[in-house]
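Engineer: For reference, the chains in residue letters:
Protein chains: 2
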Amino acid sequence: MLNFQEAVQVFDDFYLNNLIFPPEPHNLYEPCRYTLEGAGKKIRPVLCMMAYQLFREDFTEDVFHTALSFEMFHNFTLIHDDIMDNAAVRRGRPSVFNRFGQTAAILSGDVMNICAYDRLAKVSDDVKLVQLLRLFNRTAIEICEGQQLDMDFEQRNDVVLEAYIEMIRLKTSVLLAACLKAGGILADTTAANMEGLYRYGIHLGIAFQIQDDLLDTFGTEESIGKQPGGDIRANKKTALSIALEQEMGREAFGREMSSILRTEGAEKYTGVKRLYEQYGVDKQVRKMVQHYTDSAFRDLQSIDVPDDRKQHLQVLTQYLLKRTK
Amino acid sequence: MLNFQEAVQVFDDFYLNNLIFPPEPHNLYEPCRYTLEGAGKKIRPVLCMMAYQLFREDFTEDVFHTALSFEMFHNFTLIHDDIMDNAAVRRGRPSVFNRFGQTAAILSGDVMNICAYDRLAKVSDDVKLVQLLRLFNRTAIEICEGQQLDMDFEQRNDVVLEAYIEMIRLKTSVLLAACLKAGGILADTTAANMEGLYRYGIHLGIAFQIQDDLLDTFGTEESIGKQPGGDIRANKKTALSIALEQEMGREAFGREMSSILRTEGAEKYTGVKRLYEQYGVDKQVRKMVQHYTDSAFRDLQSIDVPDDRKQHLQVLTQYLLKRTK
Numbered sequence: 000m001l002n003f004q005e006a007v008q009v010f011d012d013f014y015l016n017n018l019i020f021p022p023e024p025h026n027l028y029e030p031c032r033y034t035l036e037g038a039g040k041k042i043r044p045v046l047c048m049m050a051y052q053l054f055r056e057d058f059t060e061d062v063f064h065t066a067l068s069f070e071m072f073h074n075f076t077l078i079h080d081d082i083m084d085n086a087a088v089r090r091g092r093p094s095v096f097n098r099f100g101q102t103a104a105i106l107s108g109d110v111m112n113i114c115a116y117d118r119l120a121k122v123s124d125d126v127k128l129v130q131l132l133r134l135f136n137r138t139a140i141e142i143c144e145g146q147q148l149d150m151d152f153e154q155r156n157d158v159v160l161e162a163y164i165e166m167i168r169l170k171t172s173v174l175l176a177a178c179l180k181a182g183g184i185l186a187d188t189t190a191a192n193m194e195g196l197y198r199y200g201i202h203l204g205i206a207f208q209i210q211d212d213l214l215d216t217f218g219t220e221e222s223i224g225k226q227p228g229g230d231i232r233a234n235k236k237t238a239l240s241i242a243l244e245q246e247m248g249r250e251a252f253g254r255e256m257s258s259i260l261r262t263e264g265a266e267k268y269t270g271v272k273r274l275y276e277q278y279g280v281d282k283q284v285r286k287m288v289q290h291y292t293d294s295a296f297r298d299l300q301s302i303d304v305p306d307d308r309k310q311h312l313q314v315l316t317q318y319l320l321k322r323t324k
Numbered sequence: 000m001l002n003f004q005e006a007v008q009v010f011d012d013f014y015l016n017n018l019i020f021p022p023e024p025h026n027l028y029e030p031c032r033y034t035l036e037g038a039g040k041k042i043r044p045v046l047c048m049m050a051y052q053l054f055r056e057d058f059t060e061d062v063f064h065t066a067l068s069f070e071m072f073h074n075f076t077l078i079h080d081d082i083m084d085n086a087a088v089r090r091g092r093p094s095v096f097n098r099f100g101q102t103a104a105i106l107s108g109d110v111m112n113i114c115a116y117d118r119l120a121k122v123s124d125d126v127k128l129v130q131l132l133r134l135f136n137r138t139a140i141e142i143c144e145g146q147q148l149d150m151d152f153e154q155r156n157d158v159v160l161e162a163y164i165e166m167i168r169l170k171t172s173v174l175l176a177a178c179l180k181a182g183g184i185l186a187d188t189t190a191a192n193m194e195g196l197y198r199y200g201i202h203l204g205i206a207f208q209i210q211d212d213l214l215d216t217f218g219t220e221e222s223i224g225k226q227p228g229g230d231i232r233a234n235k236k237t238a239l240s241i242a243l244e245q246e247m248g249r250e251a252f253g254r255e256m257s258s259i260l261r262t263e264g265a266e267k268y269t270g271v272k273r274l275y276e277q278y279g280v281d282k283q284v285r286k287m288v289q290h291y292t293d294s295a296f297r298d299l300q301s302i303d304v305p306d307d308r309k310q311h312l313q314v315l316t317q318y319l320l321k322r323t324k
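From first to last, the protein sequence lines stand for chains S and A. All residue numbers for the first sequence refer to numbering that gives the first Met the number 0, where the first residue is 0 and numbers rise by one. All residue numbers for the second sequence refer to numbering that gives the first Met the number 0, where the first residue is 0 and numbers rise by one.
Honestly, the hints are just simulated from the structure, not real lab data. Among the hints, a few may not be true.
Simulated pairs of lysine to aspartate or glutamate, EDC-like, Cα-Cα distance not exceeding 16 Å [what the hints assert, rightly or not]:
(1) S:K121 - S:E60
(2) A:K286 - A:D84
(3) A:K121 - S:D125
(4) A:K127 - S:D124
So the derived label-pair ranges between C-beta atoms look like this [said to hold, decoys possible]:
(5) A:G91 - S:V126: 41 to 51 Å
(6) S:G100 - A:E165: 18 to 28 Å
(7) S:K127 - A:A190: 17 to 27 Å
(8) A:A86 - S:K127: 38 to 48 Å
(9) S:R232 - A:R254: 53 to 63 Å
(10) A:T219 - S:R155: 26 to 36 Å
(11) S:P305 - A:E165: 54 to 64 Å
With the C-beta cut set under 10 Å, the calculated list includes, among others, these residues of chain S facing chain A [said to hold, decoys possible]:
(12) N26
(13) L27
(14) L77
(15) M83
(16) S107
(17) G108
(18) R137
(19) I140
(20) I142
(21) E144
(22) Q313
(23) V314
(24) L315
The C-beta atom is built at its ideal place from N, Cα and C for all residues, glycine as well.
Looking at chain S on its own, in the form it has when it is part of the complex (with noise of 0.2 Å):
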């Protein structure tokens, strides 16, 4: 059984060993090969993997094709993403929008969605396959659903915590639900482990997407990697300041808001901060993650197999909310 990093290498190994796009025609495929480059951390093949190593020891080529193919899909929703949000930067680089251009990124966005397909088509059992693409493809909707009901919330002053959920759960959750189901799949395990696979995706995605509101008000620099305060300069919303405006009334909230982001900068970054902590949004949200946190330890604990088997999903999903400690 493998550990986070050493899946990671697994994982390269086998696609560095896989030529994933061909050659020619340049211009298409070289935004896609710079993206995959450029990949983060690379969590959602390695969900795939652990949660097939559940059940079974020896991966086969089935295991990597799958989680080759939602990592293409997700590092697709990353290029669309960009032009859609007017993003320069992405993992540190130049996003393909800005690095290649509008047009390029569109295109080459589309191969590599297709490309995703055409990796998980390379599955060998043609019954797993069918299942596997029915998860793909319902998941894959629904992240397109949930980057539109982002698009609109922005737009909208009536949003509450329950919608702004499930915005995340269409948004990051299902995928990496289908991600750790996938692995089940490929294993040949119970229809109850699927869903307890599922279910724990999706409560960690949750709170691992609260979180990151969270510490993009309340975390340090040295934590967080970037200054604190981004979303509040963004006026973005987030759960913090949905939680606020529920908890001060839509009136009033609106009154004091229009008055503090008047002002810019450090003025507003800790007055919005100050109006969270004397409402007790910070508490409240604290008690929403650790509420997802524990959902989705009790998920992974509900699945049936041996305790040690459980070892490295706990210490990824401990590291992944870790933190919220």
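Keeping the supplied structure of chain S fixed, place chain A upon it in accordance with the hints.
Structural biologist: Structure of chain A alone, referenced to chain S:
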């Protein structure tokens, strides 16, 4: 056996009776509905249905799912192509990009692509679904490659006819070919017949597209439904312009064109058209259309079913290429 009009009707009935996109998120699915409502001639789904009916009389739901899947994929490519080409009009209406904005066009295009896969995955026969999926993937990748080559060619001055035809094959033909072959897969025909159908689609697509180039310069407003000369006005690379460059030699071509291209409007159009005739390029390109048309009919001939079953496909081919006569 259905003729073209009847097949369109049966296809429309199927898909109007199937709620294809959910109501929410509205901003995600409204552009998708808008696109399919304005859907064009439905050549691709009809080719799939007619290929199936070469071998079997009664449609299964699997045929409609597959036909719709290809139609959705085609419409997805149009949505994204219109962003890349900055095209304001599509099928006589504002393009999605123009009507709903760029962000909507990117994300709705993405979900339409995924929904095409989702529709394909409704095929109930696992073995056929896997065959169709692999055909679909290969085709979709080639179409992206064709779109890239098309854009690359506009920036190059060394494109030869063979490369141009290869671009057309990828951008246009492989989708027609895949629709036809898919009909064959669904009808359980022989590998030889499937390949015959595929080749027929390739030749049909190339003949159609080169013909399109010819008509844009030599057609009448009456016959093509728009003013001729659009390609010349836009300095677009076509079979005609490439053939002319090959006939004249690059240097003479460059000299002659740079003087003509300084003129505008009617003068430019008549100037370039006169060059095409002077160098016999119109005749050369007409011969190419005839060559690929003959090949298409020969491919259809090669399919091992009684001739009377091929009647509707022959009529459709003549209809699509009638403008050659």
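Engineer: Now look at each hint and say whether the structure bears it out.
Structural biologist: Against the structure, the hints come out as follows:
As the CA atoms of S:K121 and S:E60 are separated by approximately 9 Å, the hinted pair is consistent with the 16 Å bound. Among the hinted pairs, A:K286 with A:D84 is inconsistent with the structure: their alpha-carbon atoms are about 30 Å apart, more than 16 Å. The straight-line distance between the Cα atoms of A:K121 and S:D125 is roughly 15 Å, inside the 16 Å bound, and the hint therefore holds. Between A:K127 and S:D124, the direct Cα distance comes to roughly 13 Å. Compliance with the 16 Å bound is thereby established for this hinted pair.
Checked against the hint of 41 to 51 Å, the C-beta distance between A:G91 and S:V126 comes to roughly 46 Å, which is consistent with it. The hinted window of 18 to 28 Å between S:G100 and A:E165 holds, with their beta carbons roughly 24 Å apart. For the pair S:K127 and A:A190, the beta carbons lie near 25 Å from each other, so the given range of 17 to 27 Å is met. Between A:A86 and S:K127, the C-beta spacing of about 42 Å keeps the proposed range 38 to 48 Å intact.
Under the hint 53 to 63 Å, the C-beta atoms of S:R232 and A:R254, about 58 Å apart, fit the expected range. Checking the proposed 26 to 36 Å range against A:T219 and S:R155 shows it is violated: the Cβ atoms sit about 52 Å from each other. S:P305 and A:E165 have their C-beta atoms about 57 Å apart, which keeps the hinted 54 to 64 Å range intact. Here the hint on S:N26 is kept, as its CB sits about 6 Å from the closest CB of chain A, short of 10 Å.
For the restraint placing S:L27 at the interface with chain A, the shortest Cβ-Cβ distance is roughly 4 Å, inside the 10 Å limit, so the hint holds. Checking S:L77 against chain A by beta carbon gives a least distance of about 12 Å; that is not within 10 Å, so the hint is violated. For S:M83, the suggested interface contact is upheld, since its CB lies about 5 Å from the closest CB of chain A, less than 10 Å. Given the 10 Å rule on beta carbons, the hint for S:S107 holds: about 8 Å separates it from the nearest Cβ of chain A.
Below 10 Å, beta-carbon pairs count as interface contacts, and S:G108 has one with chain A at about 8 Å; its hint therefore holds. Checking S:R137 against chain A: minimum C-beta separation of about 8 Å stays under 10 Å; hint holds. Annotation: S:I140 was flagged as interfacial toward chain A, and the flag holds, the nearest CB pair being 5 Å apart, inside 10 Å. Here the hint on S:I142 is kept, as its CB sits about 9 Å from the closest CB of chain A, short of 10 Å.
The closest approach between the C-beta of S:E144 and any C-beta of chain A is roughly 6 Å, which is under the 10 Å cut-off, so the hint is satisfied. For S:Q313, the suggested interface contact is broken, since its CB lies about 33 Å from the closest CB of chain A, more than 10 Å. For S:V314, the interface hint is violated, the least distance from its beta-carbon to any beta-carbon of chain A being 33 Å, above 10 Å. Hint status for S:L315: violated, given a least beta-carbon distance of 28 Å to chain A, over 10 Å.
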